[in-house]
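Student: Sequences are here, hints too, so could you generate the full structure?
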Amino acid sequence: MSERSARAAAEDLARRPLCGGWIARVIIVAALAVAPLALRDYGRGLVSEVLLFCIFAMSLDLLVGFTGLISFGHAAFFGIGAYTVAVLGAQFGLHPLLGALAAVALAGLVAAAIGFFCIRASGVYFIMLTLAFAQLLYSVSLKWRAVTGGSDGMASPQLGSGVATYYLILALFVIVYLGMHRLLAAPLGQVFVGIRENESRMRATGYATARYKVLAFVIAGCVGAIAGALFALHNGFVSPSVLFWALSGEALIMVILGGVGTLVGPIIGAAVFLLLKHVVSTITSHWELLVGATFIACVLFFKQGIYGWVRNRWLPEARP
Amino acid sequence: MGAQSLAAGSATVSLLRTADLSKSFGSVLATDHVSLSIEAGERHVIIGPNGAGKTSLLNQIGGQLKPTSGQILFKKRDITGLAPERICRLGIGRTFQKNNLFNRLSVLENVRLAVLARRGQPWNPYVPVTRFGALEARTVEILEQTELADRRGEPVRSLSYGEQRQVEVAIALATEPELLLLDEPTAGMSPAETAHMVGFVAQLPRTLTILMIEHDMQVVFSLADRITVLHYGRLLASGLPAEISHNAEVQRVYLGSAH
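In order, the protein sequences belong to chains H and L.
Numbering-wise (the numbering used here), the first sequence opens with residue 1 and increments by one.
Numbering-wise (the numbering used here), the second sequence opens with residue 1 and increments by one.
Just so you know, these hints were derived from the structure itself, not from any lab.
Being a predicted model, the structure only gives us computed values, none of them experimental.
Just so you have them, the derived chain H footprint on chain L, three or more residues with Cβ under 8 Å:
{"#": "1", "region": "73-85"}
{"#": "2", "region": "98-104"}
{"#": "3", "region": "110-122"}
Glycine residues also receive a C-beta, built at the ideal position from the N, C-alpha and C atoms.
Tutor: This is how it looks when you write it as structure tokens:
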């Protein structure tokens, strides 16, 4: 086969199965774009929350599912995002959008520092280190009362209206999804996947994997901070729970529930998790029981999560 | 053939040299003061019974293991204890004794990762990897050279064991090494696959130096210019195939009646 036709065939293969998927994606985004017309405040707020947690879950999946780094401290970046917006707004009256930019920059720096230390360990030690760093930030938020309000939390500046916040979140959701999609198809994404598949071979092949892992940490941290900043905007209030390990755990559950190592999976996982949380909790206060049962079912019977199961059953051609 | 080329090149510079290289695991000396030199262009085969420290030696040259003492010089440069990625970038490529691949990725993706490391833009976060024409072309070239082109779309884990061994070699070659380390390239292969692999290694250009570990004596004697025998981590003998096969001590500990 000639070079050109081989390349064309490869590109074809990469594109074809996605066409149907892309139509579905456009329809979903269009539906989300008109949703505020049909939804009351509560419904719109719920969708806002789902979308911003989709961003958060996607950012975690870049580490867990694509680079093979199981972080149990991703709340650190969500919390940095949320607190930066709130603190800069409260202390300096900074506009929340500028606060969000500062949040992303700060999260990138912190991610580089945390990543630098964490990637020196592997396996359980890596997981514990990420957890420890996140808990460190949690205790800072708790003790640094003058700035954070401690366990009382603090108010965050917001945009003029809930609708504006909704569209900002939707826009960033689309941008993050497309950006991650692009990244994963690009050489850098391939390198991340190579590290997930076989790090020692990557090193023997000439990759300084440590640097790539720190970079994955930085990208995931920045995107996670976007989610956290949006949460501050959406919620108007920030408390230490945004840095607590439970949030890191919830994000992991979202990723695993939906499907590790895909982009659609974390989105489905975040949506299912939050709908269970908000809808079932109106019926029974034991909603976590249902989440737990669903999670166990996923881990035992659908190892690739909800999306992996759907894909294997109905979309054998689809790729992440 | 090998003997002649070596005799003609009496002034050759050693491409790789180990000096008093030792590696201990607790009280066990896996590598016991091994001093070895590999000349540019030669096919050098390491033999020795199981546990002789062959793979440990290769792992130290490749950077997977840090030596306890001694030195490794590659092109006169001290590479002792460098990280594997540095060693690879300096021009030493390797395969592994047990298939060590990107199992869920396709054959093409496996080889492309190696080409990307050498010639591509691995840091590029935005342009789809399929849009780099030269990268794709070079990958296909290596797949054709290693006769894997028609398997390119298959996930590596669905290949036969022998084909996976070929992918091992394809990845190593894609890093464009000057020195290729092959750790039992024919291990676990059928006789037909073995013959095929031997033919493949034999036709590699002499600009590529090969240091390989091999158990199959037929393979050893059909490829080797020089042979080194390891025994309990020690270098027992090193020399031309004829010298090795007539060496009394080697016969006693290893070759025995096999040759």
